[in-house]
Amino acid sequence: MDTIFACIDGSTVNNAVCDAARWASARLAKPVTLLHTLEKQAQHGADTLSGNIGLGAQSELLEQMAQLDQERARLAMQYGKALLETAVARFGDDHSEPVNSLLRHGDFVETLVELESQARLMVVGKVGLDHGGQFSAVGSHIETLLRQVHTSVLIANQLFQPPQNFMLAYDGRDTADRSLARIIDGGLLAGLPCHLVMVKSGDSAREEKLQAAEHRLTEAGFEVTSALLEGPIFESLQSYQQAHEVSMLVMGAFAHSKVRQLFLGSNTIRMLENATLPLIVLR
Amino acid sequence: MLTTLKAEWFGNIRADILAGLVVALALIPEAIAFSIIAGVDPRVGLYASFCIAVVIAFVGGRPGMISAATGAMALVMVTLVKEHGLDYLLAATLLTGVLQIIAGALRLGELMRFVSRSVVTGFVNALAILIFMAQLPELTNVTWHVYAMTGAGLGIIYLFPRIPVIGRNIPSPLVCIIIMTAISMLLGLDIRTVGDMGDLPDTLPVFLLPDIPLTLETLWIIAPYSLGLAVVGLLESLMTATIVDDLTDTSSDRNRECKGQGVANVVAGLFGGMAGCAMIGQSIINVKSGGRGRLSTFTAGAVLIVMVVFLDDWLRQIPMAALVAVMIMVSIGTFSWASIRDLRRNPLSSNIVMVVTVGVVVATHNLAIGVFVGVLLASLFFAHKIGRFMVVKVDELDGEGCRRYRVVGQVFFASSEQFVAAFDFREAVERVVIDLSQAHFWDLTSVAALDKVVIKFRREGADVDIRGMNEATETVVDKFGIHNDPDEVEKLMGGH
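Chains Z and X, in that order, give the protein sequences.
Read in order, the letters of the first sequence correspond to residues 12 to 294 in the working numbering.
Read in order, the letters of the second sequence correspond to residues 3 to 498 in the working numbering.
Read the hints as simulated data drawn from the structure, not as lab findings.
Backbone N, C-alpha and C define an ideal beta-carbon position, used for all residues, glycine too.
Careful, some of the hints might be misleading.
Residues of chain X clear of chain Z, computed beta-carbon distances all greater than 10 Å [stated by the list, open to error]:
(1) I159
(2) S174
(3) M331
(4) T336
(5) F384
(6) V466
Here's a subset of chain X near chain Z, in silico, CB distances under 8 Å, partners left out [said to hold, decoys possible]:
(7) L161
(8) P173
(9) G463
(10) T477
Per label pair, the in silico range of CB-to-CB distance [said to hold, decoys possible]:
(11) Z:R85 with X:P166: 26 to 36 Å
(12) X:L7 with Z:H106: 37 to 47 Å
(13) X:G411 with Z:G21: 48 to 58 Å
(14) Z:Q169 with X:R258: 52 to 62 Å
(15) X:A304 with Z:D80: 25 to 35 Å
(16) X:A304 with Z:E82: 29 to 39 Å
Turn these sequences into a full structure, and let the hints guide you.
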């Protein structure tokens, strides 16, 4: 529960991921481990369509394919090492917490799930390597990651500036109250001004909880501005954050059940796709 | 779930389709040849190959593996077909499928770990030998034309790939078949062709229930064959899955594969096809051609049926000599030549297991019996080896005339006689101490042997004192439940 894992994949958001990890590491006083995973590429065998098999066909083919894989894996490993070295260098000498790097074989989400027991926070880039320049697309792994891990995840965007304040989308549900508790106990956001925002849903019982939430945060020493917005959830939040120069978004993940999400889409995914700011999904 | 499905089907579209095509072309001659081995019309094997390949693409546990009508299965069904006919074969195929589904549900795929490497090698070599032997009838009592064509066919198969560019991109067995068919048609040779061997399909397979009396008697006829088919099918499928796993460095779901083979055989039986399983040679060809996903298996089956239905007039003309050449290639490619090379390096017991497995299969023409004998032999060798890990140390007589024996090692059925023999009952002592704290008693035979030792000593007038009994017999109980706990294993095996 003590390490901040930052995922480096060689895409354009790498620097932002490093900066975000550096910021979180300094605030939490926890070490950072930079992680790069070498994902397996499907090989194309010997790529002959000759359709014949001769003496010792199986062992010969195994040898050929193993050799191809070996060459490819060596290159990927060298590239991964270079990436990690560059990333470590970005932390500079004046960063007080230890910075380690970790190179693992395997799928990026699976690796993070394995490492989860040691993780305090995971930092990932919003655009994975696969997406090239399409910035609106969420990195292909992020959604899977959010569904599988139970650690908070910081999703960095193109640029990372240490945030001056943050906005918490609060809906009065249990998950939101848990997020609130995480913010108060966590320390990552301590001392930053908080915009506590709720969108009217017509459920007055829940709306009343907004004040209680505000009270809890104020007691914990946060400077809170709270607001009750009207309109569609996503658009209201979007315009609020623009109007108030919010510099970081905080939210709980996936309020709906899996089945409902499949049909309705979830606000989490929508926020993720359209966010231009760094975003923390709390667990 | 959805993403895995997508990756397994459409992760590798172009290469999968190309590889599927290559495999389909290679499957056609094999399906015909295996039908002939089984003694049924080529139609039966071709329908089976289509049904099995297409169904297993959806339900199998090993993407990229090719299943169809196979030689191993054909060999098991020969007698059934000869004595009772096609309808009984179809019924046996259905029952095979049901048995395999049950095996999958009972997770019998895990039993594969008891099949040692030497048995697997023996199975593969025996299969290669049987496929080769099945070609011999086509090569006896024939004119020299047949030998010439077979020889030329083999030449084309192995030399054509050496031609730059086209050699790598056109399947050489296909070239062999086309050239040989053309020669035979042009010269108007009077040699046997596929058309002489029985009906070819001219339509898609249709659903039909086997026409058999639904009696217990029928069940008794087909059950032994179905059992053999189910065992052979699962064995070859799981072995092939391991080979594909190794080649592609991925893993497969064995129990799903067992159930999938069952479903595929049920479907094959209902559409007039014979039982089949995974094919070692074809799966290697598929991987070699770049096939990795389920789409490659599906393409192989689908292309096969389309070509067969539309090209049946041409298929009829293929000379048997060309098929024989292709099958000889399959048998050579299936045979594990490394196992012959390694004979000198491997321990004698492994060699015996391998050779006996091959011998039994070739003698009985039944791979299931061969594997059974192989596994049995391997277990006996293992028991014998472990049985030697037992010594009884005899300490010097102490001052009071007490003899102390210390038992070290594994005591079980294979070593219990040796255990009893290690004690000197002739020695006249009044007190005997047997220290078991470094021994492990594995079964009731060993406990009985200990009782025997104690009684013998008592009859000679000695008092027997046994030390460390409880710890030593901890291993007798069947369920340890500790294999995942290194500390517990350490405690148990490292002396008490």
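Quick rundown of the hints versus the structure:
1. Not every CB of chain Z lies more than 10 Å from the CB of I159 (chain X), the least distance being 5 Å, so the non-interface label is violated.
2. Not every CB of chain Z lies more than 10 Å from the CB of S174 (chain X), the least distance being 5 Å, so the non-interface label is violated.
3. For M331 (chain X), the requirement that its beta carbon stay farther than 10 Å from each beta carbon of chain Z is not met, with the minimum near 6 Å.
4. At roughly 8 Å from the closest C-beta of chain Z, the C-beta of T336 (chain X) falls inside 10 Å, breaking its exclusion from the interface.
5. Separation of F384 (chain X) from chain Z is adequate, the least Cβ-Cβ distance of about 26 Å exceeding the 10 Å criterion.
6. The non-interface label for V466 (chain X) is consistent with chain Z: the shortest C-beta to C-beta separation is roughly 53 Å, beyond 10 Å.
7. Here the hint on L161 (chain X) is broken, as its CB sits about 10 Å from the closest CB of chain Z, past 8 Å.
8. Taken as an interface hint, P173 (chain X) checks out: its beta carbon lies about 3 Å from the nearest beta carbon of chain Z, inside 8 Å.
9. Checking G463 (chain X) against chain Z: minimum C-beta separation of about 64 Å lies over 8 Å; hint violated.
10. Evaluation of the T477 (chain X) hint against chain Z yields a violated restraint, the C-beta minimum of about 34 Å exceeding 8 Å.
11. For R85 (chain Z) and P166 (chain X), the Cβ-Cβ distance of about 29 Å falls inside the hinted range of 26 to 36 Å, so the restraint holds.
12. In this structure the supplied range 37 to 47 Å holds for L7 (chain X) paired with H106 (chain Z), their Cβ-Cβ distance being about 44 Å.
13. For G411 (chain X) and G21 (chain Z), the Cβ-Cβ distance of about 56 Å falls inside the hinted range of 48 to 58 Å, so the restraint holds.
14. Checked against the hint of 52 to 62 Å, the C-beta distance between Q169 (chain Z) and R258 (chain X) comes to roughly 43 Å, which is inconsistent with it.
15. The hinted range of 25 to 35 Å is satisfied by A304 (chain X) and D80 (chain Z), whose Cβ atoms lie roughly 30 Å apart.
16. Distance hint check: the CB atoms of A304 (chain X) and E82 (chain Z) are about 35 Å apart, consistent with the given range 29 to 39 Å.
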